[in-house]
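Visitor: Dock chain U against chain P, hints included.
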Amino acid sequence: MQTRYSFGGDEHIFVEVDEEMSLEAFFKSLSMTTAVREADIAGVTEICPANASFQIKFDPDVIAPQVLMDRLKGFEAAAESAEKTIETRIIEIPVLYDDPWTRETLMRFRERHQDPDATDLEYAARVNNYPDVASFIAAHAASPWFVSMVGFVAGLPFTYQLVERDKQIEVPKYLRPRTDTPRLTIGHGGCFGCIYSVRGAGGYQMFGVTPMPIYDPAGKISYLKKLMIFRPGDILKFRPIEREEYDATVAAIEAGTFVPKIVPVTFSLDAFTADPAGTNAKLLEALNG
Amino acid sequence: MAERSFEVVKPGLATTVQDLGRPGYYHLGLPLSGAMDRFALIAANRLVGNPDGAAGLEAVFLGPELRFSADALVAITGAELPPKLDGVEQPLWSAFAVKAGQVLSFAFLKGGARAYIAIAGGIDVPEVLGSRSTYALGALGGFEGRALKAGDVVPLGAPTGTGREGASLPKEGRRPAQESGVEIRVVPGLYWHRITEEAQAGFFEDTWKVAPEADRIGYRFRGGKKLDFVPRQQPFGAGSDPSNIVDSCYPYGSIQVPGGTEPIVLHRDAVSGGGYFMIGTVISADMDLIGQLQPHQPVRFQSVTLDEALAARAVEKARLAKLGELI
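Chains P and U supply the protein sequences, listed in that same order.
So for the first sequence, full-length UniProt numbering puts the first residue at 1; every next one is plus one.
So for the second sequence, full-length UniProt numbering puts the first residue at 1; every next one is plus one.
These are calculated hints, taken from the structure and not from any lab test.
A quick note: this is a predicted structure, and the numbers were derived from the prediction, not measured.
C-beta atoms are modelled at their ideal positions from N, C-alpha and C, and glycine is treated no differently.
Just so you know, not all the hints are guaranteed correct.
[As the list claims (entries may be wrong)] Just the calculated beta-carbon pair ranges, DEER-fashion:
no. : chain 1 : residue 1 : chain 2 : residue 2 : range
1   : U       : Val315    : P       : Ala201    : 33 to 41 Å
2   : U       : Arg232    : P       : Thr273    : 20 to 28 Å
3   : U       : Ala318    : P       : Met107    : 56 to 64 Å
4   : P       : Ser222    : U       : Ala158    : 29 to 37 Å
5   : P       : Tyr5      : U       : Leu13     : 40 to 48 Å
[What the hints assert, rightly or not] A few chain P residues that don't get close to chain U, going by computed Cβ distances all over 12 Å:
no. : residue
6   : Gly74
7   : Glu80
8   : Phe109
9   : Arg126
10  : Asn129
11  : Tyr130
12  : Leu236
13  : Arg239
14  : Glu242
15  : Ala252
16  : Val259
17  : Glu285
Looking at chain U on its own, in the form it has when it is part of the complex:
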């Protein structure tokens, strides 16, 4: 075993190493990657005294089981995935001490989708193109370019020493996972003009449900009315389906609707481009929320202006700024 490390006893469903991502390579098809709920990862890092961009673990739906080789300070945030230390339940959104040889495991998920595990010193896998985030589709970064497997020994960095046991983020500082009434704010645009006015109105009126095909690349939604297209002669190179365009780039958060039936919101491991039209883009302030949605959860999309999107962004920034004084 490396000097400071943990061994993966059980990997969970899809547990990956993530930091705040790898900007600058989207034009070559390499997405940002990084935590889908960035606020939760930053909060976990601050609780254990790490810099915001330290690498932690993102566990989806089911937590891993990890045996520590050395004493460590750990915090779990994001989804309601209650942590246990040698079987004894520990608080969420709080820093707790782990002794060498102890096993961190998790009870069943009670809410949300993705939990973040920060360990003082961060996860010390090599940086690839400036980030430790895992991009599994391209077998890049993280731990050997993939989700963790049983038997992996994952190296830890040296703690800064500023973390303190018992540090906690009070409820008012968190962004609570919502069970119902989730509204995702969207700025219409891109190829919005390709659908009829009735379809435009229907998209925001309908209640959609998260489809089982929901992962780090994108979240698919079902259950709303099919979108009707404004008739046109398809442009050269676009392909014959009315939902096709000449292959273009896809913004993060963009909503494509292949065939006009099931909207897909691209997330941190987005495919960088393709040939489907898009009706708009989820605002940056609501991207974290999507990462916490469970399959079958009902969702509505809400139309906002760019100014409203910027105001919501400022609210999120203020929430982050307040983290320091609350912890």
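Chain P with its partners taken away, still in its complex shape:
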């Protein structure tokens, strides 16, 4: 891991913890951004952790760029030796895989896809060496995912699955981005999953939809009073559902009676590295009681 520092003009510092994605790089980025937040440095206006990097926006009239750069570098050694344990929460996301809306959308944009004769799920299953779509969905929904970044658009989580690298799902993005993606689509591009918080353009492969809104600009949905639900460091677990439960959940959200399943958990990177299956089993036990 080679950390690289760069100025983004006169108002940003960009820190690449590692060129490649790993949970170690994500934890180091999270640890450094937490240190910056706790240091409460005058002039720092935005602290944005990403998958394997982070970005600080600052006012150079308050703090000189080089002074801030030196302070950030000072946090690096501590972040490396910091205990890689976080107090976080696991959130269950019900998913209707292979739903009619993403299916209709992917058919409309077939000429922008690597494999015009297959659905996104069929293509992803094949390039990841799964015998069929059902076993691919089972793998997608079996192990939990880390929210390794929130962004692109409001409240959109980038997710990284808690499995060994050789088990990571990897798919290329569409050859050319779509101009439309249904709201709440479960997507995947490169090694990252995502949930599209709003309808709009997108390049990730589309696997399904969740009935559970994750961004509400009006702040009216009970669990979205703060407009969005996800923060970097959250853990997600997808649960496959059928159409009947999808419709019932949509109705419950409209009626204001839906309560998402959210349970506080502790996650230790060292424990996960030593025993991924056992660590995931404990996370799911916490979620399902």
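Guide: Same frame as chain P, but now just chain U:
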């Protein structure tokens, strides 16, 4: 109608409520938003006696038509979009009085891209996360989270009473919209090392043209040579194209070049992150200039150091400080 308001007779092309933005939520994917030409909005606000951060309207390319329910003091700055009151032309960069029932409209654009309409008392839509700016992609803030539509009745706040009819900003105090020879200053960095030395030199030598895909999210440029990449084995998670990186945050003003072909400069409604490499960042002093560029306008990028960027920032700050004495 609200006590003090205006009714939208014609909305223009994309007229939105903007103030100086909504900092503090970029880590959740909510961009700053706010006026793309901040200097112009601040100048318009000062001309009508508003605080710098009062909400006004940003009109792009085509002005709206607005009928006022009450007497008001109005100033238009930024693009050369000549205002008219009941059909009679009014001066730009000046405060003029509007009587209840009168209609503010605009002649065709003569220069620049975005005009700012400040009204004494400011636009009184509710604050969302500390700002009245519109973030249309997230349906947040402004007037119902969107650009204005015909029939909207937009509420106005109470004037401070310090604005005065006829107040004007003389030419030397403005930042003139440039027709040609526009140079945008850039600090190379971020993933600058990913392109070859020839590509690095070529980017600053070439003349680029603003593409039609230019909006509040970002400005795309065309016409320069394709950038060649330094060969490498793509890192895990980055994606297969040489212009891909492991998805990272995007600075405001950062220049991404998907596929190495068309640079995109992110602006106030930036997507907060993604998987394209960036070659550097436009300096804060030149962000307003980008907001006034028209499609097809030729532009060159100029490489500057961080110290030069800070010096340019100081010049802009001095220009703002001088506003008060000039008006």
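Visitor: Which numbered hints turn out to be false for this structure?
Guide: none
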